[in-house]
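A.B. asks: Respectively, the protein sequence lines represent chains F and G.
With the numbering used here applied, the first sequence covers 1 to 187.
With the numbering used here applied, the second sequence covers 1 to 178.
Watch out, some of these pointers could steer you wrong.
Claimed, not checked - With a Cα cut of at most 20 Å, we get these calculated EDC-like pairs of lysine to aspartate or glutamate: (1) F/K172 with G/E177; (2) F/K172 with G/D112; (3) G/K98 with G/E34; (4) F/K171 with G/E142; (5) F/K172 with G/D137; (6) F/K172 with F/D182; (7) G/K107 with G/D45; (8) F/K9 with F/E20; (9) F/K171 with G/D48.
Keep in mind the hints are simulated off the structure, nothing from the lab.
This one's a predicted model, so the numbers in the text were calculated from it and none came from an experiment.
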Amino acid sequence: MSCSPLDLKDYLFGVLTEAERRQVEEHARGCQACGEELDRLRLTEAALRSLPDEEPPRRIAFVSDKVFEPGWWQRFWQSGPRLGFASAALLSMAILVHGFLRPVPAAAPMATDTAAIEARIGAAVVKAMTESEARQALKLTQLVADTEKRLQFDRQADRVAFEEAFNYLQKKFNVMYTASADLGGSR
Amino acid sequence: MRHPVLTALALAAALCGSAAVEPRVSRATMAAMEKSFDHRIRSIDVSDPFDLLGSTRGVYLEGYGAVFTAEVNLAVGPAISPFRPALTKEQIAKLRQKKLARLPLLKRQMKDALGALAASLDTVPPSEQMVLGVSLDYFSWEERAGLPGQIVMQARRQALLDVTSGRIRDAAIREQEF
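Whole structure, please, built from the sequences with the hints as guidance.
C.D. replies: What follows is the structure, encoded as structure tokens:
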């Protein structure tokens with residue numbers, strides 16, 4: 001507790017005028033308690049000045065800052081009644097648009113001739129089947145003809161090969177027969 | 001009496017006309033020449049002999065010379081059979097190469113044989129021809145490019161005797177490929 005006429009902290013932070021400073025200094029010299037208080041304050045100040053200055057981190061912000069204030073969309077999204085109202089409005093609008101843009105349904109035939117339709121379908125099916133069978137028969141005939149031709153060619157080639165081999169063997173046999181006849185002295 | 005004499009004369013003339021002329025080259029000599037050429041063909045390559053498919057046959061043509069023919073397969077290769085219905089291109093090409101390589105051997109033997117014929121058939125006049133023809137046998141599936149079907153060599157007997165004795169070169173032998 002200081003008995004000084006002026007605040008010692010003001011003295012220390014240099015906010016007093018020169019006359020007031022002299023007045024505080026004279027009082028501190030005469031008053032032991034105020035002198036000790038002033039020494040403690042000076043010590044504290046010296047200790048504070050010895051610490052390095054540091055910039056406060058930029059990411060630090062307070063909840064009260066505007067950055068954390070919710071946007072209009074968040075406020076809207078978090079508001080149940082508003083969202084319900086908006087949904088109902090959208091649904092109404094969709095119903096209205098659908099009502100205006102829906103194509104007008106064609107007038108349904110008054111009477112359907114089922115028998116005629118069935119007859120037409122039946123005729124179409126029969127026609128398609130006939131055409132398909134004709135195509136298949138043609139393909140089959142062609143395939144059989146090709147196969148027969150190929151077989152005939154193979155048979156002919158086999159026959160030629162057999163004939164050649166037979167002739168060759170016959171010639172060799174003739175030579176051997178002649179040679180054996182010569183050995184027998186028949187010539 | 002004139003008739004029996006005339007008849008006897010006519011009979012004698014007929015007998016003289018129908019009598020066989022003594023051949024210039026005997027059949028035995030020709031047969032020996034045939035066998036000699038057969039043996040020559042078989043001996044070209046004992047380990048892989050040429051296939052003799054037609055024994056040598058010789059005839060002497062009066063006024064022309066002696067003609068000999070034979071039928072030979074240059075090389076025995078793989079044959080088509082029920083177990084091997086087709087040959088690969090490589091096998092066919094390999095057989096052709098083998099035959100091409102053996103063709104000069106056959107030609108050499110033919111020239112030598114002609115010389116031997118000329119020397120042996122000494123009853124043939126020197127102005128007459130010595131002919132040797134060899135038909136070469138092939139299967140239909142074979143590749144025959146560059147391979148002849150028949151080789152015929154011929155020369156006058158005198159020329160062949162000169163070649164054999166070394167007096168002239170064997171250019172006197174006429175060689176034809178068909």
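A.B. asks: None of the hints should be skipped; say for each whether it holds.
C.D. replies: Okay, the hints, checked on the actual structure:
| no. | hint | result |
| --- | --- | --- |
| 1 | F/K172 with G/E177 | violated (24 Å) |
| 2 | F/K172 with G/D112 | violated (25 Å) |
| 3 | G/K98 with G/E34 | violated (26 Å) |
| 4 | F/K171 with G/E142 | holds (18 Å) |
| 5 | F/K172 with G/D137 | holds (12 Å) |
| 6 | F/K172 with F/D182 | holds (15 Å) |
| 7 | G/K107 with G/D45 | holds (14 Å) |
| 8 | F/K9 with F/E20 | holds (13 Å) |
| 9 | F/K171 with G/D48 | holds (19 Å) |
In terms of the numbered hints stated before, the structure departs from hints 1, 2 and 3, listed from lowest to highest.
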